[in-house]
Each structure stands twice: as structure tokens, then as C-alpha cells.
Amino acid sequence: MSVMLTLTPAAAKRVSAIAAKQAKPAILRLSVEGGGCSGFQYKFDLADAPEDDDSVSETEGVRLVVDPVSLDLVAGSTVDFVESLGGAAFRVENPQAAAGCGCGSSFGI
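Residue numbers (UniProt numbering): 1 to 109.
Be aware that one or more of the hints could be misleading.
[Unchecked claim] With a cut-off of at most 25 Å between alpha-carbon atoms, the simulated PhoX-like pairs for lysine-lysine come out as follows:
no., residue 1, residue 2
1, Lys-13, Lys-43
2, Lys-43, Lys-21
3, Lys-13, Lys-24
4, Lys-43, Lys-24
[Unchecked claim] With beta-carbon atoms standing in for the labels, derived distance ranges:
no., residue 1, residue 2, range
5, Ala-23, Glu-60, 18 to 26 Å
6, Val-82, Asp-48, 21 to 29 Å
7, Ile-18, Val-56, 28 to 36 Å
8, Ala-20, Ala-98, 34 to 42 Å
Simulated from the structure, these hints should not be mistaken for laboratory data. Here the structure is a predicted model, which is why all the values come from computation and not from measurement. All residues carry an ideal CB built from backbone N, CA and C; glycine is no exception.
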């Protein structure tokens with residue numbers, strides 16, 4: 001199933017590097033969990049393979065997979081990898097988020 005998510009080239013490059021180090025496929029799983037300072041928080045993991053009901057998008061050979069429940073909360077989002085003085089992290093630019101927090105890993109709808 002095609003997905004309404006975008007993985008930037010910077011994020012794809014980072015996932016590829018991490019996957020190579022861990023000898024895993026370059027598949028980034030984005031999921032949403034309850035918690036965080038704004039109600040929901042993003043969770044990132046490397047996946048061995050997409051699940052049957054996952055939505056999948058691909059950038060430069062790297063796949064971004066999202067389960068159906070999380071997709072409802074992140075549809076239309078862009079996943080980027082940002083390096084700054086504060087550190088390096090994956091960031092989700094979520095157009096559905098009505099509230100966020102300074103750390104960028106938590107959001108509210």
C-alpha cells in the first residue's frame with residue numbers, strides 16, 4: 001500500500017548507515033505511542049521486513065514503514081534527519097500535530 005509519508009534524502013542516508021552497521025535491511029519503522037509531554041510520541045526502530053498491513057514509502061532504496069494505527073496520526077508527514085549543536089536526531093514534520101514540544105519527539109492532535 002502506498003503511503004502519504006516522505007523520507008528525506010538526509011534521513012535515508014542516515015538509516016542506510018545505521019542499517020549497514022547493524023547488518024540489517026534499510027527499513028525504518030515509524031510508530032506512535034501514547035506518552036511524551038504532548039500526548040503522543042514518535043518511536044523509530046529498524047525493521048527486518050514490512051508487516052502485511054504496513055504502509056511503505058521508499059527514498060533512495062531506504063524504506064519507511066508505518067502501521068495502520070500510527071498512519072492515522074502521521075499521514076502527510078515528512079521524516080528528516082537533522083544535525084545541530086544540540087545533537088543529531090530524526091525529526092517528524094507532522095501537519096496534523098496541533099501541539100508539539102521543544103524536543104520534537106512528542107506531539108498532540
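Right, here's what the structure says about each hint:
1. Lys-13 <-> Lys-43: 19 Å, holds
2. Lys-43 <-> Lys-21: 20 Å, holds
3. Lys-13 <-> Lys-24: 14 Å, holds
4. Lys-43 <-> Lys-24: 18 Å, holds
5. Ala-23 <-> Glu-60: 18 to 26 Å: Given about 19 Å between the Cβ atoms, the range holds.
6. Val-82 <-> Asp-48: 21 to 29 Å: 26 Å, holds
7. Ile-18 <-> Val-56: 28 to 36 Å: 18 Å, violated
8. Ala-20 <-> Ala-98: 34 to 42 Å: 37 Å, holds
Of the numbered hints stated above, the single one contradicted by the structure is hint 7.
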